[in-house]
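Letter by letter, the sequence shown follows residues 1 to 654 in the numbering used here.
Among the hints, a few may not be true.
Calculated lysine-lysine pairs in the BS3-like style (CA-CA distance at most 27 Å, straight line) [what the hints assert, rightly or not]:
id, residue 1, residue 2
1, K560, K613
2, K560, K638
3, K638, K558
4, K635, K613
5, K59, K92
6, K347, K303
7, K613, K594
8, K635, K608
9, K635, K560
10, K262, K347
11, K452, K405
Here are the in silico distance ranges between beta carbons for each label pair [to be verified]:
id, residue 1, residue 2, range
12, E228, E167, 38 to 46 Å
13, D211, Q269, 27 to 35 Å
14, E171, P339, 34 to 42 Å
15, R505, A425, 26 to 34 Å
16, K316, A185, 27 to 35 Å
17, N427, G317, 42 to 50 Å
Calculated from the structure, these hints are not laboratory results. Just so we're clear, the structure is a prediction, and the values are computed from it rather than from any experiment. We put the CB at the ideal spot given by N, CA and C, even for glycine.
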Amino acid sequence: MREVGIATVAVAVLAATGLWLRQRARSQDAARAEVRMQLAMREDAAEVYRDQFAAVRAKAARLRADADGQTVEPGRTWARERAKRFEALLAKVDREAEARSFAQVRRTVAQLTAKGKVDEARVALASASAPEFPTPAEFERLRREVYEEPLTEFSRQNPALYREFREHEAEIAQRDEQALRAEIAGLGSSNVTPQLMLKVDLLAAVAAPDDPVVTEWSALASALDYFEEPDGETLARWRRAQQAQRRNDWGTATAEMQAILKAKVRTRQPFRATLGRTLLRQRPDQPDEAYPYLAEAAAAGDKAARAWVAKEDYSKGRAAQAERWLEAAVADGEFDGVPMLLDLYDKHGAAKDPSHKIGVLERVTDRPEAPAEAFLFLGRLYERVDPPGARPSRAFAQYQRAAAKGSGAGEAEVARCALRGKGTAQNSDLARDAACRAYGRGERAVSVPVLKELMEDMPERAAGAVQAMFDQESVSGGGGYMESRTVEGPGVIELKALLARYLDRIGQFGQAAKFYQASRDPAAAKRHAELTASHPCETCGGKGKVLESAPCPTCGGKGKQICSVCGGIGFSYVPGTPPCSACGGSGTMVQDRKTVSCSTCGGSGKGKGSVVKQDCPTCDHGQVRCVACEDGSIKVPKECPECHGKGAWKLSDR
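Using the sequences and the hints given, assemble the complete structure.
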């Protein structure tokens, strides 16, 4: 019994032990599953962080690349500030250190769990937390504090930055624009400060031109520039005037501004200039009413008013006033009125106060696009004011610059100076070429005398260029490009006479006759008649044709043709017995000084065959004389080389 009890106890102990072991295994499996589940949850949170952080980091990199690519201000400065602020936001959500620590813990927990050390794995997992991206609400708060508000404050520094802000961050800028409107409305028009006006300028930079807030505050701001201590009535009239201007209602605007002018408030010069422009818009055909206001503005430095006043004085013939305004514009770097100024110098003389005008023209000619007339006037003034021998090349240099811009007068002055050696070394070739170019551009008063002098002194060097010049003129006239100003005067006729005499002297009679024709000199007319008189041609006898020998086309120049009877062989065959070829038909032969009978023909003298060869009776060795020519050549009529078919000749044709 005792043994049975011990066995029963042993079995019970074993069963209990097995049950305990199974329960323990189940609890360990559950603990491992719980650890793995917690680890997976934290890994999911870390994955969400990595995705959202990567998106923020990519945007930061994109903004930085955009900032580095900007080269124009203020876009460059604003883009750099935006990239800087977004990088600060990126730093606020950066949990990369926690992510690296969690990755190490994750590997440790996985290893401990695999070894069955669940408790150690649970402790290790509890010691580290997974990186988490801020919640949407928290991220939005960080975005406002770190990115939006600092960027908005930076963009409010000036209108240019604010325009960049509106262009690239439209949503944020729209909210800030609403805030600006609220701030401006809350301050009211009674407390005008620089800070308030800056806010108005910021709003004006992004709002529509007809925005009511902007227009009202613009009117108020301009009133401070246009009036001294304006009262309420003045401000109201000024607002109504500006509203009328925006509607293009110039009559109402003029009436309101004239009412202000009659009031006790003191107006500033910009107001009077605006009144003048408004009067012009209302009554453009009555500029005299606006002239005093715009003249005052011009005297105060208003460039647009000065340009209008100068043009008005110029058109009304007030040369002195127009010249003063235009010279002031040149002094301020405004060169649009230079053509009018040069015209005044040309019409009314630049000799009055030449030193002052030299200063004005030097400013004009400092620009590459200055007109040629400016260089021309400056050169002539230099010649007037410079004493003999004092920097004479200044004038010549200006003439060359005028000529380089296509001025015929400049070319004429270059020719004159080069011929006389004034301002440059004497150079007849330069004088000749410049004078020819000046003539081609219609400047003859100076160029023709220069060319006449050159033709008189050195015709051999000038004649070619002068002749080419006149030939070019003839080509242009024949092509329809002749100008009315190129009517020949006495100087041109004399120049052509000089050229004609030189060409006549060197034997170019045809060219000489062409230029003699333009001369009114009786001697030139007589010589022209001699050169163009007709004389009978001695070579052709007045027929215009001469006979010349040419190879006969029938016989090819040989004088003989192939016989048509024998076909060119020189003999023919007739029926009959030919003589013996050995004895020649005699029937006998001489042998050892003795006459013997021919052994070939048997003494008959007859040969073998039935035909006899005879010489052709009509030819000489197969050829007969050509009936179409004599000695292989024929006479062909051709144009006379002396008179060229006219039957007469002229010296001018030779």
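Tested hints:
no. : hint                    : verdict
1   : K560 - K613             : holds (24 Å)
2   : K560 - K638             : holds (26 Å)
3   : K638 - K558             : holds (23 Å)
4   : K635 - K613             : violated (41 Å)
5   : K59 - K92               : holds (15 Å)
6   : K347 - K303             : holds (25 Å)
7   : K613 - K594             : violated (31 Å)
8   : K635 - K608             : violated (54 Å)
9   : K635 - K560             : holds (17 Å)
10  : K262 - K347             : violated (43 Å)
11  : K452 - K405             : holds (26 Å)
12  : E228 - E167: 38 to 46 Å : holds (39 Å)
13  : D211 - Q269: 27 to 35 Å : holds (28 Å)
14  : E171 - P339: 34 to 42 Å : violated (53 Å)
15  : R505 - A425: 26 to 34 Å : holds (30 Å)
16  : K316 - A185: 27 to 35 Å : violated (51 Å)
17  : N427 - G317: 42 to 50 Å : holds (43 Å)
Going through the hint list in order, the structure does not satisfy hints 4, 7, 8, 10, 14, 16.
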